[in-house]
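> Protein sequences appear in the order of chains A and B.
Going by the numbering used here, the residue at position 140 of the first sequence is 140; the numbering climbs one at a time, nothing skipped.
Going by the numbering used here, the residue at position 224 of the second sequence is 224; the numbering climbs one at a time, nothing skipped.
Honestly, the hints are just simulated from the structure, not real lab data.
Hints are not guaranteed to be accurate.
Which copy is meant is left open, because identical chains are indistinguishable; a pair holds if it fits in one copy or across any two.
Under the rule of at most 30 Å between Cα atoms (straight-line distance), these lysine-lysine pairs were calculated in the DSBU-like manner [stated by the list, open to error]: (1) LYS269 <-> LYS110; (2) LYS333 <-> LYS19; (3) LYS2 <-> LYS206; (4) LYS88 <-> LYS291.
There are 2 protein chains.
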Amino acid sequence: MKIVIERDALVQSVQDVMKAVSSRTTIPILTGIKIVATQQGVTLTGSDSDISIESFIPAEEEEKIIVDVVQPGSVVLQARFFSEIVKKLPQPTVEIEVQSQFLTFIRSGKAEFSLNGLDPEEYPRLPQIEEENVFKLPTDLLKNMIRQTVFAVSTSETRPILTGVNWRVENGELICTATDSHRLALRKAKIETESEQSYNVVIPGKSLNELSKILDDSNELVDIVITANQVLFKTKHLLFFSRLLDGNYPDTSRLIPTDSKTDVVVNTKEFLQVIDRASLLAREGRNNVVKLTTLQDGMIEISSISPEIGKVTEEIQSESIEGEELKISFSAKYMIDALKALDGTEIKISFTGAMRPFLLRPLHDDSMLQLILPVRTY
Amino acid sequence: MKIVIERDALVQSVQDVMKAVSSRTTIPILTGIKIVATQQGVTLTGSDSDISIESFIPAEEEEKIIVDVVQPGSVVLQARFFSEIVKKLPQPTVEIEVQSQFLTFIRSGKAEFSLNGLDPEEYPRLPQIEEENVFKLPTDLLKNMIRQTVFAVSTSETRPILTGVNWRVENGELICTATDSHRLALRKAKIETESEQSYNVVIPGKSLNELSKILDDSNELVDIVITANQVLFKTKHLLFFSRLLDGNYPDTSRLIPTDSKTDVVVNTKEFLQVIDRASLLAREGRNNVVKLTTLQDGMIEISSISPEIGKVTEEIQSESIEGEELKISFSAKYMIDALKALDGTEIKISFTGAMRPFLLRPLHDDSMLQLILPVRTY
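Build the full structure now, drawing on both the sequences and the hints.
This is the structure:
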């Protein structure tokens with residue numbers, strides 16, 4: 001293999017596939033990046049066996065030569081060294097040449113590196129996915145849907161299925177749900193598809209976090225293909241594969257209350273700041289609990305006590321309070337997470353008593369909701 | 001005690017004294033910040049017993065009221081909570097009121113915090129320093145002198161005296177020296193003083209690092225007072241005290257070679273980048289060693305081999321090479337540290353053979369030098 005390639009294109013591509021490479025792996029070759037050069041261009045692959053990322057650098061783009069493939073071929077190079085080297089090369093073009101026994105030379109300007117490469121035949125094959133049933137989402141919407149749900153997955157392995165986000169596709173709509181059994185996040189959106197196929201799968205939270213980092217903020221469409229045990233996200237030059245979690249996701253629809261006894265509308269940013277201040281002392285305690293009390297004239301009191309340190313009380317003017325008076329305690333962290341996830345300058349919080357889960361939704365927007373279980377205080 | 005104070009002035013002052021507060025201390029009251037309010041203003045103090053910082057907020061500055069002292073008094077508040085609270089207060093003014101048993105209320109807008117305070121009488125007194133023999137340095141020069149030497153102190157406690165920077169004052173000049181016995185950094189400058197007093201003390205590296213963080217980048221003069229076991233740095237509103245290290249600093253002057261056999265002049269930035277690239281693979285190895293070889297026509301070769309990973313070679317055009325041919329190996333880290341510390345676009349490196357320490361100096365500038373011991377390679 002021998003190629004001459006634009007450094008910046010290579011750096012970007014290496015950075016993308018690095019997101020899948022783990023330094024802690026039981027399969028030594030997965031600490032490497034696979035490089036395959038053909039006349040069409042260069043393909044880089046990184047994988048930790050849960051996530052695999054393939055990045056393609058075309059030989060030519062917009063009538064500009066990006067890669068000159070002098071001799072096609074392939075090699076696997078240690079990801080950590082290779083990525084550091086390409087970032088620091090002195091000149092805008094790089095020559096990569098693989099000699100016998102995969103000894104690889106990387107040359108740029110007057111700098112020459114040689115790296116001991118590995119046999120690409122030993123690198124695991126990526127799953128082959130039939131692209132029959134594809135649905136599409138704009139990149140920015142996909143990133144938002146991930147951001148608004150993935151934080152609510154469980155971090156505990158006691159119920160592994162809850163470490164993923166449930167993706168259901170039905171009737172031309174994608175519904176993403178995540179819960180750690182103390183709170184729940186839900187976001188739905190119309191998808192573009194020509195198929196009637198419905199799906200119900202669970203994607204590891206970690207995969208979605210990595211996917212989100214790798215996607216840019218454009219509104220170009222991402223192709224999504226779901227199979228029995230893999231999901232593939234496809235952009236112009238990237239393939240992102242993730243395995244799916246085994247098992248059935250719990251039916252969360254019955255958790256979401258349909259009636260309410262107290263409805264409060266607040267300014268999202270103001271309310272977030274008040275909760276944040278109230279949690280300053282509570283963070284020290286075991287459970288970071290703050291208390292909400294409805295007062296007269298649309299005022300709400302947020303308070304928190306940490307006996308050894310001190311206490312904090314603050315009043316905030318709501319937009320409106322309807323229904324019964326209420327005193328309720330909840331985790332400040334869950335509330336802050338939920339408020340940050342919701343779009344909209346005003347949110348409506350719907351309570352059904354101090355012991356029942358409550359709902360947060362942007363005013364006049366049914367596409368997203370957050371649910372939080374209260375904390376019992378005695 | 002009761003005061004009404006500008007939040008931003010308080011935040012800045014708290015941030016400054018926090019640099020001296022350690023969460024790991026054997027003296028519980030030192031996890032707090034001492035606040036003393038008098039008619040002149042408010043003084044905050046933080047200390048970890050090695051370093052103490054006192055910040056003064058005047059009642060009035062430039063005809064603007066900063067603090068309204070309703071009732072003078074004092075209290076000690078938990079530094080971590082107090083600093084987080086003041087940063088997040090909703091309004092630009094803050095009321096602080098101490099009630100019985102040092103229970104302290106912090107109010108801003110509709111937010112009210114109460115913190116359990118501690119008795120200020122239990123807070124250790126700061127050293128009393130006679131300000132007889134003061135010398136002065138501009139803030140930016142002082143920061144540079146610290147930056148150019150402190151990185152070279154020893155991080156090992158086997159010879160505690162080497163964890164500090166030696167400050168010698170003689171003949172109207174301050175000479176700062178640091179060494180970890182593998183490399184040495186030296187920087188000198190004229191000082192402003194009316195006294196003939198000479199000093200030879202050792203200031204802990206950690207103290208100088210913290211001092212450097214707390215000083216702004218102005219060219220206002222800093223007053224420096226040295227006593228038998230303390231040094232005091234004094235700016236407009238700040239007092240920074242550090243204890244001195246006990247013991248005699250080794251005489252380093254005889255380490256610095258006065259003759260040379262090979263003199264090389266290189267562009268600092270280019271040379272730094274070449275060394276950085278050469279060390280990419282070497283970092284993995286035990287000692288991060290690179291090799292320098294003089295070639296024909298003013299060329300220098302920098303190379304490094306890490307048998308299991310690969311090797312790197314790069315040539316760089318020097319400005320000049322004078323004297324004997326040379327092959328020498330040294331720590332890439334020490335070289336990078338030294339190059340970053342030296343000012344000047346061109347530096348001169350003076351070697352006295354492959355086994356002897358070598359010197360780096362900016363071209364035409366005798367106020368600073370870096371010395372590095374080579375590594376023997378077989």
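> Give the relationship of LYS88 and LYS291 under a CA distance limit of 30 Å: within one copy only, between copies only, both, or neither.
between (53 Å within a copy, 19 Å between copies)
> Go through the copies and call it for LYS333 and LYS19: within, between, both or neither, with a Cα cutoff of 30 Å.
Both, since 28 Å and 28 Å are each at most 30 Å.
> I want to check one pair: LYS269 and LYS110. Are their C-alpha atoms no more than 30 Å apart within a copy, between two copies, both, or neither?
between (54 Å within a copy, 16 Å between copies)
> Pop the pair LYS2 and LYS206 into one bin, within, between, both or neither, using alpha-carbon distances up to 30 Å.
For LYS2 and LYS206, the Cα distance exceeds 30 Å both inside one copy (36 Å) and across copies (51 Å).
In this structure, only the earlier hint numbered 3 is contradicted, and the remaining ones agree with it.
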